[in-house]
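2 protein chains.
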Amino acid sequence: MDYFERYEDLNVHKTMLEDIPRNSAYQKAIFDNKDSFNGKIVLDVGAGTGILSVFCAQAGAAKVYAVEASNIYKLAQEIIKENNVDHIVEVVHSKVEDLKLDGNEKVDIIISEWMGHYLLHEGMLDSVIYARDNFLRREGLLFPENVTLFSSPCSIPSLNESWANVNGVSMKSFGKQLKEAAMKEPLLIQINPDDVLSEPESVLWLNLHDVTLEDLESINFRHVTSASKDGRYQGICLWFTCTFPYYSTEPVILSTGPDDPKTHWLQTVISLPVDVDVEKGTPLAYDLVLKRSNTSLRKYTIEMTMLDPEEVEHPIYCGCHMTKCILAKAVIEKYDHGDFSMN
Amino acid sequence: MDYFERYEDLNVHKTMLEDIPRNSAYQKAIFDNKDSFNGKIVLDVGAGTGILSVFCAQAGAAKVYAVEASNIYKLAQEIIKENNVDHIVEVVHSKVEDLKLDGNEKVDIIISEWMGHYLLHEGMLDSVIYARDNFLRREGLLFPENVTLFSSPCSIPSLNESWANVNGVSMKSFGKQLKEAAMKEPLLIQINPDDVLSEPESVLWLNLHDVTLEDLESINFRHVTSASKDGRYQGICLWFTCTFPYYSTEPVILSTGPDDPKTHWLQTVISLPVDVDVEKGTPLAYDLVLKRSNTSLRKYTIEMTMLDPEEVEHPIYCGCHMTKCILAKAVIEKYDHGDFSMN
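Sequence lines, in order, name chains A and B. For the first sequence, the UniProt record's numbering gives the first residue as 1, with consecutive numbering after it. For the second sequence, the UniProt record's numbering gives the first residue as 1, with consecutive numbering after it.
Just chain A, same shape as in the assembly (with noise of 0.2 Å):
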């Protein structure tokens, strides 16, 4: 009856299942659509504890396959028995690029939660696509259905500041440290939202029906904007939201960004090599390129560039304070008061 050899093992799903937004959002996005659950065939790809099956059984599945590779599968096989959805879940153990279902049987829905840090880390978006191109039935819907990445400038002063006075004993060289740690490998960690320091601005937006596995190999984004504050630039925050398919409701938004509350994914952050102190208005810009690694599939190098403002082009609605944007801003000013003055 031992399944885990170690509590870390068990660790991860523990993390899962008590992070409430996460479980919250993916019930309320079934149980919101009972109708499009109600006697359907529902896929749940890397269903681990079977949690999200569970939800499927009782928002109306005739069937749910919980497709889980990895040994927690006999762990699913128990909670599905005790939450008496046997006759409707059943959990087949196996990768789901092995899948074999009866007579090329096609299901209705695909629900899944697959996302990683920054979305696409050590994330299962390939094993969603190959599901979707081999079993889902035309028509078949996704849950969740898009997912977009976000990414702002930002503050970290658990990075640098608190490291200035440690009980009296001044510890900058240990912030350094871990800056240069960060520098290297992104931090997880929550930003506080008072640290967010732009309008965030969508890295990628993936609409799970027509998603490629050529979508995912490289992601390339330029961000030029301005501070929506004073503060100290120091780093780039990344974050996900997912949609999921709605019909009679508003649609249900799981939301891991700064202003949301806490999941397990936190945000993912870089780390700049220098502080920069900036005013309500400075001009931001820098390339963030996300590419699949070479050794993992399941990993991803982020790649960011710092540019500067005055070689890049700006956005039309820019709010920050060089000539060329300020001039163009009072143009469209013009314009809009001239269109309100003609109504």
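Note that these hints are calculated values from the structure, not bench results. Don't be surprised by glycine CBs; every beta carbon is placed ideally from N, CA and C. Hints are supplied without guarantee of correctness; some may be wrong.
[Claimed, not checked] From chain A, some residues computed to sit far from chain B (all C-beta separations above 10 Å):
1. ARG292
2. SER296
3. VAL331
[Unchecked claim] Pairs of lysine to aspartate or glutamate, EDC-like flavour, derived with a Cα cap of 16 Å:
4. LYS74(B) - GLU180(A)
5. LYS229(A) - GLU279(A)
6. LYS172(A) - GLU82(B)
7. LYS176(A) - GLU78(B)
Since the structure of chain A is provided, determine the placement of chain B on it from the hints.
Showing chain B alone in chain A's frame:
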């Protein structure tokens, strides 16, 4: 060498430096005893980032040897310089067992933060003993000076109750797995004071002036007590306190129990195979054996045996509801009353 490579991880030091009760206890113990430090020679065993050495220099030490075997010694050097005490603190990159002091110099004070989980786990007490025997002058001081390991029966609601309902899904099988894992490997968690089920008892008391390696080989402890409240008996909780030398002031005690502010040591909890509902007065008895591991001197195996309270000797002031203890209590109270009426 594995041990020191692990400690190079900056995050370990970050966790320790962020442990304010830890830092503050050492700082207060040192600053309250400036007379003892003034003009003295100090040896800091396992100096890490050097924070304790800086405290000693700030307290007036003439010389501090900050001995650190891992590569973090380089960072300690920077921190010593950053705090302008490099004329006092000398960082020595060495195991204390390999240390040579000029002309067999002796030190007046040994300071060390050597404690691990349940005091002894991955601790460095052996190194402190070596340092004491080889470098401390007669009548020299040890910071801390004595340590106590405590044990108490407890509830562990996080292991069980919370798994009965996760977003409407029964996850008892998951809780059971967690419990089984926790029986093989102690849990590190912060226990709620309300979940402590009896008066704690000291498993071990060590005076650092005379503790020997032999004392640390195997620790046998029997606890016969009674539940101080109604509750669910689910495990044994271990924690420690450290007491520092004191002269002019109150003693400084670093305490890491359920009643104390949370430290990075948390408490160490051993789970019982089955939950036992107890009422106030229910007798509770168990044996604990802590034995040094054969494979790693820095680790211990902990064996816990539940005992039949009928078959063990109870302490004189046992508060349990067994007939012999109720009778004993009545006799004692009669004597106490007799004493009182004679005054």
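Each hint, compared with the structure:
no., hint, result
1, ARG292, "holds (27 Å)"
2, SER296, "holds (21 Å)"
3, VAL331, "holds (50 Å)"
4, LYS74(B) - GLU180(A), "holds (15 Å)"
5, LYS229(A) - GLU279(A), "holds (6 Å)"
6, LYS172(A) - GLU82(B), "holds (8 Å)"
7, LYS176(A) - GLU78(B), "holds (11 Å)"
The structure meets every hint from the earlier list without exception.
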